[in-house]
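Chemist: One letter stands for each residue in the lines below.
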Amino acid sequence: MNTELIGVIITFLVTILLAVPLGKYIAKVFAGERTLMDFMNPLERFIYRICGIDPIKSMNWKEFLKAMLTINLLWFVYGFILLIYQGHLPFNPDGNPDQTPDLAFNTIISFVTNTNLQDYSGETGATYLTQLFLFTFLQFTSAATGIACLIALFNGFKEKTTDKLGNFWSIFIKSITRLLLPLSIVLAIILAFNGTPSSFKGKDTIITLQGDTQNVSRGPAAGMIAIKQMGTNGGGYFGANSAVPFENPNYFTNVIEEISILLVSIALIFALGFYLKKKKLAYVILGVMTFFFILFCINNIYFETKGNPEIDRMGIAQNIGAMEGKEIRFGSASTAFWSVATTSTSNGSVNGMHDSLMPLSGGVVMLDMMINALYGGVGVGLLNYFIFIIIAVFISGLMVGRTPEFLGHKVEAREVKIAAIVTLLSAFLIKGGTALAAYILVHHANADWAEKPSAWLNNPGYHGFSEMLYQYTSCNANNGSGFEGLGDNSTWWNVSGGIVMLLARFLPIIGPVAIVGLLANKKYIPESAGTLRTDSTTFGVMTIAVIVIVTALSYFPPLVLGPIAEHLSMHAH
Amino acid sequence: MSNSKASKLFEPSLINEAFKQSFIKLSPRYMVRNPVMFTVEIGTAVMMGVCIWVAAGEKTQGSLAYNIAITAVLFVTVLFANFAEAIAEARGKAQADSLRKTRQDTPAKKVELIGEIFMNEVKIVPSSQLKKGDVFLCETGDTIPMDGEIIEGIATIDESAITGESAPVIRESGGDKSSVTGGTKVLSDKIKVRVTTEPGESFLDKMIALVEGASRQKTPNEIALTILLASFTLIFIIVCVTLKPFADYANTSISIAAYISLFVCLIPTTIGGLLSAIGIAGMDRALRANVITKSGKAVETAGDVDTLLLDKTGTITIGNRKATNFWVDEQQPEKNFIEACVLASLADETPEGKSIIELAETKGFPRPVIKKGQANFVEFTAETRSSGIDMNDMHIRKGAFDSIKNRVEKAGNKVSAYLINKTREIAGNGGTPLVLSYNDNATGVIELQDIIKPGIQERFQRLRKMGVKTVMVTGDNPLTAKFIAEKAGVDDFIAEAKPEDKMIYIKKEQTGGKLVAMMGDGTNDAPALAQADVGVAMNSGTQAAKEAGNMVDLDNDPTKLIEIVEIGKQLLITRGTITTFSIANDVAKYFAIVPALFIVSIPSLQALNIMHLASPQSAILSAVIFNAIIIPMLIPLALRGVSYKPIGASALLRRNLFIYGFGGIVIPFIGIKLIDMLLAVFMR
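Here the protein sequences line up with chains A and B, keeping their order.
Residue numbering for the first sequence follows my numbering, beginning at 1 and increasing consecutively.
Residue numbering for the second sequence follows my numbering, beginning at 1001 and increasing consecutively.
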């Protein structure tokens, strides 16, 4: 028990310690300073030349977003075609079939948007070709897309007044060549040495202890697992994700993977401090996020290590906590920690079933995704947090009697309007989606569909409600983890999930980048004694208040009907 | 702010008018301007329908009495919000009317135009018939009928009706003091005035329009806040609409009354209801401080001002330089020296000259009477840079050190080392030395000093804490300017300033991203007033200056800028704090209503009923009642404004976040519980 807790604490501390130098390195890379990775120069120049990119040409916010959206659209088309024909294409030793159009729609969106929802199972639903040249590829590019848009924000605030946010292509390529690729190579090697397969051979056969013959899937997995963690993607090679021994062989790899889930997201916060030379601002942001993170960890670790009261009532000892849906080699505390880490960062890989979490832990991981800015996905987490900052700046600016401003730029009606729309969007998608599903389930349970709505849920009651709420929350947060228990490979869930992922990915990127573009273009106002400092603890508290009251509390009703009602009923006996 | 003029917040006559207005404002065409309250009005309308439905026999929506109670509370919520706006308007109008009253229906002596020239053919017409460009006459005892500019003559004028200041002022044609205001009274002499504004377009009329709802333009900050509040409203629409399928899933039926109550409680009605009242009250506060603003934006901008340009004379120092000391040379009799100083200043009409005689009088040297022809007064010229008197065989001169030294040395005498040192010392202290020569001997020095207004240092200190940089503008030489600047505690100064220097300075500050405020009265100030973000023209100033600025100060008080800045800040702070309070209230309302909605079908949710409210219905009713009565309870705060404390932005945020944020979380828990306890008595 105590050792488990110490393991978790050490994991978190090591993450923070590693994130500082990494953040410094990221700041250097994008500031164009000399770094260790400068040997990548020729490769980058080669890519620029064959793609006809002028890496020096800086873009304004509209050009920047146009470039970002164009390339993402291209991948969408490329991936969709690949998926619906994968069965007929090479590198398919297991002979897996084509994906159906609705599944392919969902799958390609889920990878382009950094979600990795995976309504298919890797062993049967994908081929080595799509795993490697589509999924793994998109895991790099979608992560790099997020990072590039965040760097645009950095650039907007670096100059006093500018309309240039940097060159999308150059930032995008550098985030792969100098950040994601090297980190993933290191992680992949560690995993491979611990037993994760990295082979092009088809299924292996083993004879179990009982004497049965069993087929065991394998493939080029180590590389994909590395980038799935580093790029907050979360899409595993195998269906059961990091709970599978091949993806996450032992406690050591578990710790390493936990670190890599959080590492880049946290490092980007430090990078903000180094890049803008505003370390205090970075500390305040990190502080607010960590405040929630630790609170959530305490909740989940408490409930998971305490065990299930229903099992207690049966008189069964559960000294090692609630172990249903958890791997014995990771233990309940570490799995609880992972559950918070993976939902904080929009990663979505799991090393245990979230469906089996205690109700309040399940509620917390949903809340974590509803906020979706506590570290958040690489790049996009800070962009989401930026929206909270804008709202907090606006209200607190008024409170000190000054037209609100952030980093020397006045926040006015247009910026507030964009921030408001982005805030509205997630409320609309999560609650609207769940409401629609609940409506169909109640009123048209036996609709004449390929998969009847009445067959969607594995569990009735509050838990069933949580399954639906979780699915849309996960799609909206581009998280990709599932509560499972939901019949999600059906037309309804594939299509509605796909739409939610798509909207929830790109609007919350376009919004903040547009705000940055608008703000950066405004006259710079030097700081005075009357200026509200956004790098103060007070402002941090204000941001916490905005996150809790404006965002978190608006999910209070559905959370009450799902996890909270389940928890209270479970303890009411 | 001038407290003498502050009336009670709720005068009975105003209340009646506001009460009437709050019903008139129920018109949807008007309500739609305020999205938050408009949704409440729609909710009320829906509830009225539900009441009729229930009365007609519908059983699933709860009792008729309960539905009527909810409907009534919602209706009252809208009324309260309208009342807040109406009372703010009524107060502003009352204030403006009292100013306007002074100028109505005064007989005007209009000068008739015959052919192309004005003849002194005077016709008495009511002031309301005067048009722009007309000319009228005013003689002793007349009330000036309209704003205008003196084109002929000079007069002393009593402006107490407008400014409350009883000392008469002098206005004359040409120059910077040619403007007169309608409603003021000529005390002596006769002036010819040209009307400068069309009837109904004077600054006062514009100001009245600003506090009246119809033509009130929303300010940029108000627009942004309205957008934010509208988006919160949308978020809560989503919360409430999606609750229906959620409840269906949970097999719970929720009455329409409960949905609408939840919605109305969650949307920011408190700030939505008070928002326009806050804006109007800000304008009204400016008016009470005797400042007429041409737009609401100007008041808001004033709160953001970074740099304040202040004229030295009249703002930082009292009037002009004054003689403060006589320093007589060693081995000279002091009595003779002071007498000589008095004689040399007799014909000196400058304030400095007069102050020398005043100082001598306090030292017991009365003003001597000198008959005409007895003496020859020597006027100040730019060449001699000295003035004085020749009488009998006395030649007395006073002037700048250099000029007197020249004169003395030409006569073969020397200035003593004591006087040389004394002059240096005075100059080093920010004073101006005037050396006196008696028959070409330097006998002593008169020290002239600027008198810094008492208390001005504290005001600048306050401004510095607000983050406002103060800049003193003066015609003095840099040395003197620097000394006074340091003594008064201003941050910067412009010495030997020419009118265009102000303009250059303002532009420089603005390029650096700063907002600049300045006050001016002369025509040559007009370009700078127009350039400044906040330009306050003095009422006594020229028409050009008044047109160029965006505010007019009726008191002609140069320190008024400081108050204007505070009024602007107060306006924003009041909006911010009540918004925070309003949103923070939601925490308690969630805990009151959400358990109440589901407690019947999910009994275990009783654990969430942390306030232990008596029943689901009483819980919902208590929440809407609290939501309604908090609006009138905060009206005084909205009208008076949240006080501004110059303690630095972070400390201020901490303070307001604690009072209005933390307070906003706690107070509704207490309030709803109390209302519920009261309701439980009736509902049993």
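It is worth saying that the hints were derived from the structure and are not from the lab.
Among the hints, a few may not be true.
Claimed, not checked - The list that follows gives simulated cross-link-like pairs (lysine-lysine, DSS-like), each with its CA atoms no further than 30 angstroms apart: (1) A:522 with B:1132; (2) B:1507 with B:1322; (3) B:1335 with A:523; (4) B:1123 with A:158; (5) B:1322 with A:523; (6) B:1453 with A:417; (7) A:279 with B:1514; (8) B:1498 with B:1453; (9) B:1218 with A:522; (10) A:522 with B:1244; (11) B:1465 with A:279; (12) B:1507 with A:523; (13) B:1469 with A:158; (14) A:164 with B:1354; (15) A:523 with B:1244; (16) A:410 with B:1469; (17) B:1498 with A:280; (18) A:278 with B:1465; (19) A:280 with B:1465; (20) A:160 with B:1354; (21) B:1354 with A:522; (22) B:1297 with A:160; (23) B:1453 with A:410; (24) A:278 with A:164; (25) B:1335 with B:1354; (26) A:417 with B:1354; (27) B:1218 with A:523; (28) B:1498 with A:417; (29) A:160 with B:1469; (30) A:277 with B:1465; (31) A:523 with B:1498; (32) A:452 with A:278.
Unchecked claim - Take a look, some chain B residues computed to stay more than 12 angstroms from chain A by CB distance: (33) 1061; (34) 1094; (35) 1248; (36) 1295; (37) 1524; (38) 1585.
Glycine included, each C-beta is placed from N, C-alpha and C at the ideal position.
Chemist: Does the structure keep residue 280 of chain A and residue 1465 of chain B at a Cα separation of 30 angstroms or less?
Modeler: holds, 23 angstroms
Chemist: Residue 1453 of chain B and residue 410 of chain A were given as a pair; does the straight-line alpha-carbon distance stay at or below 30 angstroms?
Modeler: violated, 36 angstroms
Chemist: Do the alpha carbons of residue 1507 of chain B and residue 1322 of chain B lie within 30 angstroms of each other, as the hint requires?
Modeler: At roughly 34 angstroms apart (the allowed maximum being 30 angstroms), residue 1322 of chain B and residue 1507 of chain B break the hint.
Chemist: Given the hint that residue 1218 of chain B pairs with residue 522 of chain A, does the C-alpha gap stay at or below 30 angstroms?
Modeler: holds, 22 angstroms
Chemist: Report holds if the minimum CB distance from residue 1524 of chain B to chain A is greater than 12 angstroms, and violated otherwise.
Modeler: Its Cβ never comes within 12 angstroms of chain A, the nearest being 28 angstroms, so this holds.
Chemist: Do the alpha carbons of residue 1354 of chain B and residue 522 of chain A lie within 30 angstroms of each other, as the hint requires?
Modeler: violated, 53 angstroms
Chemist: Are the Cα atoms of residue 277 of chain A and residue 1465 of chain B separated by 30 angstroms or less?
Modeler: The hint holds at about 26 angstroms.
Chemist: Given the hinted pair residue 1465 of chain B and residue 279 of chain A, is their Cα-Cα distance within 30 angstroms?
Modeler: holds, 25 angstroms
Chemist: Does the structure keep residue 1469 of chain B and residue 158 of chain A at a Cα separation of 30 angstroms or less?
Modeler: Roughly 26 angstroms between the alpha carbons, so the hint for residue 1469 of chain B and residue 158 of chain A holds.
Chemist: Starting from residue 1453 of chain B, check that the Cα of residue 417 of chain A is at most 30 angstroms away, please.
Modeler: violated, 47 angstroms
Chemist: Sort out whether residue 1354 of chain B lies within 30 angstroms of residue 1335 of chain B, counting only the CA atoms.
Modeler: Holds - the C-alpha atoms of residue 1354 of chain B and residue 1335 of chain B are around 19 angstroms apart, at most 30 angstroms.
Chemist: Check whether the Cα positions of residue 160 of chain A and residue 1469 of chain B lie no farther apart than 30 angstroms.
Modeler: holds, 21 angstroms
The structure does not agree with the numbered hints 1, 2, 3, 4, 5, 6, 10, 14, 15, 17, 20, 21, 23, 26, 28, 32, 35 and 38 stated previously, though it agrees with the rest.
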